[in-house]
Amino acid sequence: MINVIDLGLINYSKALEIQMDLLKKRIEGEISDTLLLAEHDPVVTLGRVEEEGDITDRSFFNDGNIPFISTGRGGGVTYHAPGQLIMYPIISLQETKKDVVSYINFLEKTISKGFATLGISVTGGNKKRGVWAGDKKIAFIGIAVKKWITYHGVSININNDTEAFLNMNPCGEKDISVTSAREYAGKSFDMAGAKEAFSKQFIEDFQSEYREACLEKCC
Amino acid sequence: MLLSLKEFSTEIKEGTITLWHAHENDRISEGEDLVEISADKATFDVSSPCSGKLKKIFKKEGVQIQTSDIIAEIEEDRS
Chain A
280 MINVIDLGLI NYSKALEIQM DLLKKRIEGE ISDTLLLAEH DPVVTLGRVE
330 EEGDITDRSF FNDGNIPFIS TGRGGGVTYH APGQLIMYPI ISLQETKKDV
380 VSYINFLEKT ISKGFATLGI SVTGGNKKRG VWAGDKKIAF IGIAVKKWIT
430 YHGVSININN DTEAFLNMNP CGEKDISVTS AREYAGKSFD MAGAKEAFSK
480 QFIEDFQSEY REACLEKCC
Chain B
328 MLLSLKEFST EIKEGTITLW HAHENDRISE GEDLVEISAD KATFDVSSPC
378 SGKLKKIFKK EGVQIQTSDI IAEIEEDRS
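If you read the sequences in order, they're chains A and B. Under the working numbering, the residue at position 100 of the first sequence is numbered 379, and the numbers go up by one with no gaps. Under the working numbering, the residue at position 37 of the second sequence is numbered 364, and the numbers go up by one with no gaps.
The set of hints was computed from the structure by calculation and includes no laboratory data. All values reported here derive from a predicted model rather than from experimental measurement. Treat the hints with caution; some may be incorrect.
Stated by the list, open to error - Capping the alpha-carbon separation at 30 Å, the derived lysine-lysine pairs in BS3-like fashion look like this:
#1 K386(B) x K453(A)
#2 K479(A) x K466(A)
#3 K382(B) x K377(A)
#4 K380(B) x K479(A)
#5 K303(A) x K380(B)
#6 K426(A) x K387(B)
#7 K426(A) x K382(B)
#8 K340(B) x K377(A)
#9 K293(A) x K333(B)
#10 K377(A) x K383(B)
#11 K425(A) x K392(A)
#12 K415(A) x K333(B)
#13 K425(A) x K383(B)
#14 K386(B) x K426(A)
To be verified - Examples of chain B residues toward chain A, derived with CB under 7 Å:
#15 I339
#16 E341
#17 S365
#18 K368
#19 A369
#20 T370
#21 F371
#22 Q393
Using N, Cα and C, we set each Cβ at its ideal position, and we do this for glycine too.
The whole structure should be built from the sequences, with the hints applied where relevant.
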């Protein structure tokens, strides 16, 4: 069973505190698998391995009083803002596939299926990481794993503006374009509906790919 | 005991050492976080497989490693 908690619109640092607290509790077995949903106030987050120059125009962010926060996740620089759906799965890979690459592949697949429920055809699991609508990136992945419990996760562009991405090399990738579901489909989406669609898809796919596989293998 | 990346993902071919949680000659316990590695959109902490002394670090922070590279040697406690 996966417990879903919607943090609503929340400051990145506060959400990170909550994540770290839940991570500790999950490691100690005090809580079950948990999926955090959120939207963040505008913020630039930096992954553990950052290349000099991946933020190509700092003044854009400084002028907007948008903070930069270094994180312990994988992946490169990215941007969060209201209208972007954040999913932080705090789940155990201990019992089944102790493999971080498989987990990232799984995230790409389940997010792609989530977009399909919104009527948007995307691709994930190609040579380029993340989820793509045509040749534009629409969802980003950056995770961390401790004691085989996952944290950090996925950011999914639903209704957010993507202009900020023009001032960075998102995920350290030069010359890529970024889009959102709103830009791509030419219409806005209900955020509550998007949260429901992506979280439901995640839970269904996780049960099928990880937990039922465990039952077959372990019992 | 010689430590490599192999046990953490059968699919990871290379990664970067991003943080050593312990120094050479530190005493470490089985299951304690030993080193953080970044690879393929993920960072993950590698736990020590045994208790003993971290005898030698072969790969420093910032160094890129391949799956089969030996990154450290642990002198195991004698039981």
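Verification of the supplied hints:
no.: 1; hint: K386(B) x K453(A); in the structure: holds (29 Å)
no.: 2; hint: K479(A) x K466(A); in the structure: holds (22 Å)
no.: 3; hint: K382(B) x K377(A); in the structure: holds (27 Å)
no.: 4; hint: K380(B) x K479(A); in the structure: violated (46 Å)
no.: 5; hint: K303(A) x K380(B); in the structure: holds (26 Å)
no.: 6; hint: K426(A) x K387(B); in the structure: holds (22 Å)
no.: 7; hint: K426(A) x K382(B); in the structure: holds (23 Å)
no.: 8; hint: K340(B) x K377(A); in the structure: holds (15 Å)
no.: 9; hint: K293(A) x K333(B); in the structure: violated (35 Å)
no.: 10; hint: K377(A) x K383(B); in the structure: holds (27 Å)
no.: 11; hint: K425(A) x K392(A); in the structure: holds (27 Å)
no.: 12; hint: K415(A) x K333(B); in the structure: violated (34 Å)
no.: 13; hint: K425(A) x K383(B); in the structure: holds (23 Å)
no.: 14; hint: K386(B) x K426(A); in the structure: holds (22 Å)
no.: 15; hint: I339; in the structure: holds (6 Å)
no.: 16; hint: E341; in the structure: violated (12 Å)
no.: 17; hint: S365; in the structure: holds (5 Å)
no.: 18; hint: K368; in the structure: holds (5 Å)
no.: 19; hint: A369; in the structure: holds (4 Å)
no.: 20; hint: T370; in the structure: holds (5 Å)
no.: 21; hint: F371; in the structure: holds (4 Å)
no.: 22; hint: Q393; in the structure: violated (15 Å)
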